[in-house]
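Q: Protein chains in written order, with our numbering: chain A, 2 to 192; chain B, 102 to 878.
Since the hints were derived computationally from the structure, they do not count as laboratory data. Don't take every hint at face value.
[Claimed, not checked] Coverage of chain A stretches by chain B, computed from C-beta distances (three or more under 8 Å per stretch; other residues unrestricted):
#	segment
1	42-50
2	124-134
3	157-169
4	172-178
All residues carry an ideal CB built from backbone N, CA and C; glycine is no exception.
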Amino acid sequence: MSLVLIAVLALLALCLVCGAILGFAAVRFKVEGNPIAEQINALLPQTQCGQCGYPGCKPYAEAIAGGDKINKCPPGGEATIQALADLLDVEAEPLDAVEGEKPQMVAYIREAECIGCTKCIQACPVDAILGAAKQMHTVIVSECTGCDLCVEPCPVDCIDMIEVGSTVQSWKWDKPLAPGQLIASDREQVA
Amino acid sequence: MSAMSKNDMDAARASRADVMKIWDIPGGIHPAERKELSNRTPIQPAPLPKRLVLPLNQHIGAPAEPLVAVGERVLKGQLIAAANGFVSVPVHAPTSGTVSFIGPRPYPHVSGMLAPAIVIDSDGLEQWCPLTPCPDYRQLEHSSLLQLIRQAGISGLGGAGFPTAVKLNARPTQKIHTLVINGTECEPYITADDLLMRERASELISGIDVLVQLIQPDQVLIGVEDNKPQAIAALQAALRERSYQLRVFPTKYPSGGEKQLIQILTGVEVPSGGLPADIGILCQNVGTCVAIHDAVILGKPLISRITSLTGEALARPMNVEALLGTPVGELLEFAGLDRSRLNRLIMGGPMMGFTLPDFDVPLIKTSNCLLAATAAELPPPPPAMPCIRCGECAEACPASLLPQQLHFFAIGQEHEQLKAHNLFDCIECGACAYVCPSSIPLVQYYRAAKGEIRDLEQKQLKAEQSKQRFELRQERLRRAEEQKEAERQARAERAARAKAAQTQAPAAASGDAPTTKPAGLSDQQKKLKIEASMAQVALKKAEKQLAAHATPELQAQVDELRSAAAAAQQALDTAMAANPPAPAATPAADDGALKKAKIDAAMLRAQLRKLEKLEAPSAEQQGELQQLRSQLQAAEKLLASLEAQVPAAPTKAADAQAVDPLKKAKIELAMQRAELKKAEKAGSDEATLSRLREALAQAELALHRAEEASNKPAPELLRNDKKPIDETTRALKTEAAFARADLRKLERDENAAAEALEQARSRLTEAERQLTQHQSP
Chain A
2 MSLVLIAVLA LLALCLVCGA ILGFAAVRFK VEGNPIAEQI NALLPQTQCG QCGYPGCKPY
62 AEAIAGGDKI NKCPPGGEAT IQALADLLDV EAEPLDAVEG EKPQMVAYIR EAECIGCTKC
122 IQACPVDAIL GAAKQMHTVI VSECTGCDLC VEPCPVDCID MIEVGSTVQS WKWDKPLAPG
182 QLIASDREQV A
Chain B
102 MSAMSKNDMD AARASRADVM KIWDIPGGIH PAERKELSNR TPIQPAPLPK RLVLPLNQHI
162 GAPAEPLVAV GERVLKGQLI AAANGFVSVP VHAPTSGTVS FIGPRPYPHV SGMLAPAIVI
222 DSDGLEQWCP LTPCPDYRQL EHSSLLQLIR QAGISGLGGA GFPTAVKLNA RPTQKIHTLV
282 INGTECEPYI TADDLLMRER ASELISGIDV LVQLIQPDQV LIGVEDNKPQ AIAALQAALR
342 ERSYQLRVFP TKYPSGGEKQ LIQILTGVEV PSGGLPADIG ILCQNVGTCV AIHDAVILGK
402 PLISRITSLT GEALARPMNV EALLGTPVGE LLEFAGLDRS RLNRLIMGGP MMGFTLPDFD
462 VPLIKTSNCL LAATAAELPP PPPAMPCIRC GECAEACPAS LLPQQLHFFA IGQEHEQLKA
522 HNLFDCIECG ACAYVCPSSI PLVQYYRAAK GEIRDLEQKQ LKAEQSKQRF ELRQERLRRA
582 EEQKEAERQA RAERAARAKA AQTQAPAAAS GDAPTTKPAG LSDQQKKLKI EASMAQVALK
642 KAEKQLAAHA TPELQAQVDE LRSAAAAAQQ ALDTAMAANP PAPAATPAAD DGALKKAKID
702 AAMLRAQLRK LEKLEAPSAE QQGELQQLRS QLQAAEKLLA SLEAQVPAAP TKAADAQAVD
762 PLKKAKIELA MQRAELKKAE KAGSDEATLS RLREALAQAE LALHRAEEAS NKPAPELLRN
822 DKKPIDETTR ALKTEAAFAR ADLRKLERDE NAAAEALEQA RSRLTEAERQ LTQHQSP
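Take the sequences, apply the hints, and build the full model.
A: Next comes the structure, spelled out in structure tokens:
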């Protein structure tokens with residue numbers, strides 16, 4: 002009987018000690034913020050366009066960390082969905098956007114028509130539009146994320162979204178057809 | 102004697118060549134050289150084309166900025182596009198002519214895309230712009246010599262096209278101890294550098310002199326493969342007494358790669374991801390050296406280059422010195438192109454070159470070869486088969502990479518693994534693909550993977566930048582909001598404080614009011630006293646007006662007022678006599694009593710003074726004067742007794758407070774008047790009204806007292822009627838005024854009927870009669 006009692010007491014003591022250590026660790030090594038949300042945020046394209054329904058990439062990252070779907074980011078497209086699926090170990094879903102994946106765009110202000118109302122400047126999430134009241138505005142192309150947010154507030158509709166075309170500098174090689182994936186005539190030639 | 106010494110020198114040079122150690126590079130291949138096709142004829146000048154196309158980006162870096170406009174005439178050698186930024190190179194007109202177009206034009210690139218260019222229609226005059234040769238460059242400063250090279254638009258002519266001036270602008274922390282001159286030209290078919298070394302050896306050595314002057318290296322190594330004996334001989338002859346070391350090594354592809362050549366000549370490997378400058382070595386192509394010679398010694402910018410025209414589809418393969426911007430089609434025609442035999446047109450060599458989309462693309466600074474190959478010569482690559490993991494590629498790789506692993510990682514898009522396996526050290530020489538038994542286009546995999554990784558890194562960078570900008574913006578907006586909020590609060594606080602001060606002032610005034618009330622007086626007495634003072638004040642004011650504007654009406658009014666005041670005073674006196682006020686003897690009341698006494702005395706004094714000022718006082722005024730004097734004496738006596746009771750009376754404070762009570766009293770009066778008016782309008786009962794009237798009268802009295810006490814001149818107010826007007830009087834007066842107005846109007850109107858005039862007159866008389874009748878009792 003005493004043996005059982007000793008065993009129970011020993012286990013109880015062990016439990017208490019372990020519990021105390023865990024409790025201390027939980028307080029002492031508390032992680033500030035949500036590390037998962039940070040990792041998700043790093044994968045998002047940071048266009049801050051709000052097309053996911055959240056006011057910026059970070060809120061969407063936090064929402065994903067909280068269990069929202071991963072397929073709401075049109076600028077990121079399939080690549081981002083795949084990266085998020087890999088990170089969170091969930092099934093990749095097709096992009097949830099009406100127009101599907103869009104190419105990289107950049108805003109362009111038709112400067113002759115700009116009336117200098119500064120509305121687009123206030124709308125731009127990354128301060129990529131330069132101008133002042135009653136002065137012509139222009140887009141700093143290198144800073145524009147192509148988020149579309151400046152188009153709607155413009156009272157004279159002088160902002161166009163232009164596709165960022167491939168130039169000689171930005172052109173890149175395509176991956177060749179994987180070995181073994183031969184069309185019929187090639188097979189004959191090989192054989 | 103001279104022959105002897107020459108022999109001695111040769112022997113010395115040979116012995117030195119013996120001790121000159123040559124290292125080997127890993128891997129490498131030995132493809133068919135095919136250099137004999139084009140190296141048998143001397144360099145020919147290419148015919149002047151009718152139209153030259155000069156892309157703005159013939160180098161690595163930012164495209165140049167055009168300086169000319171369409172229709173502008175340019176001279177040979179004139180600067181037509183300036184360098185745009187540090188890593189950029191200017192462009193010069195290769196011949197004289199007219200600028201006919203600036204915009205997208207065919208460009209020698211594997212994508213076949215157009216690129217911005219300046220098109221010049223040549224006029225055939227070949228008219229040079231003024232040149233500034235600088236043969237005594239040794240006198241120049243380092244920076245101005247570098248500037249000469251930069252201005253001449255020189256970029257690496259070996260193939261990569263990196264701006265030479267940028268490469269020469271060595272970091273001050275890293276001393277360049279070895280200058281390597283690359284005359285290797287290891288790729289099959291190409292013989293441009295071979296012919297250049299043969300025919301322009303002296304210019305080449307002179308260009309090296311400039312470089313030596315510029316970077317002051319400890320040693321200069323000229324590397325040439327042993328398949329160019331004529332070039333070696335020419336260089337040896339041109340070197341003469343110079344200490345530059347000509348090093349000849351066995352032919353192997355790709356020993357002409359910058360890093361490979363450095364390893365062959367010095368045995369030192371350029372660290373992974375690093376530059377030759379990191380180990381104190383600088384490498385320049387022989388063509389670049391000649392261009393530097395032309396730029397510095399002759400003052401000529403880079404407007405032409407030597408290019409191999411080769412391949413079996415050409416009838417006369419050769420090397421030409423062609424102007425930059427010459428369409429390749431014209432050059433190939435010059436070399437006798439047989440279009441029916443042409444299968445692939447390649448710019449560059451068969452290993453690293455790329456297929457040109459058409460014949461319109463121009464020759465640019467990096468174009469060292471045009472290979473017009475027949476189908477038999479360069480058959481299309483057989484279809485790729487799966488990798489059999491033979492490992493041939495790893496043995497061929499000059500950079501000691503694992504091409505097979507990289508290939509699999511590239512298929513799987515394992516970017517981390519690719520980077521870990523040093524994909525970016527791959528020089529894309531094509532040796533691995535050349536030896537691959539499965540004909541896998543390995544280099545294309547690496548190029549695609551590199552592009553993908555660079556693209557992702559670019560995106561990552563941009564995302565990071567956008568994020569930072571977004572966060573900074575959010576922070577800025579938050580700060581602005583906070584500041585606005587703080588300002589709003591401060592404003593609200595200020596407003597609240599002002600309001601509190603305002604409410605405090607009337608409160609103080611109302612708090613003061615009781616103290617101004619004569620203590621110990623009964624209500625009846627108070628009322629009488631107020632009435633008496635009111636009458637006095639009204640009288641005084643009327644008198645003042647009388648003095649200013651002496652009219653019979655005013656005189657009558659004054660008399661009336663005087664009698665009213667006397668009556669009021671009398672009533673008060675009798676009331677006071679019947680029930681004398683309790684003496685303000687309590688110490689608490691001292692202060693107030695003293696003040697009151699002082700005020701009374703002051704008031705009396707002022708009244709007295711005013712009366713004394715009157716020039717011709719009437720009998721009543723004389724009496725009043727007497728009365729006032731006696732009152733003043735009594736008041737002064739009282740004051741003296743009170744002051745005796747309160748020895749340390751704050752006499753000074755009275756002065757300071759004098760102004761403030763005036764304001765308070767005025768406010769009080771206005772408030773009372775407003776209250777009374779409101780009550781009148783609301784139709785309150787008589788009791789309330791009379792109470793309010795009394796309060797108003799008291800306030801008025803207080804104001805008058807304050808006015809007197811403050812020693813300020815009384816407001817110069819013109820009062821026409823002291824008596825309150827009752828409703829009937831007002832109505833009658835109005836009627837009379839209307840009637841008068843009507844009459845005047847009719848009188849002015851000449852056409853007015855006499856009847857109407859008469860009627861108006863009678864109306865006016867009636868109204869006036871009624872008014873006098875009403876006022877008379």
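Q: A separate judgement is required for each hint: does it hold in the structure or not?
A: Tested hints:
no., hint, result
1, 42-50, "holds (count 6)"
2, 124-134, "holds (count 4)"
3, 157-169, "holds (count 3)"
4, 172-178, "holds (count 7)"
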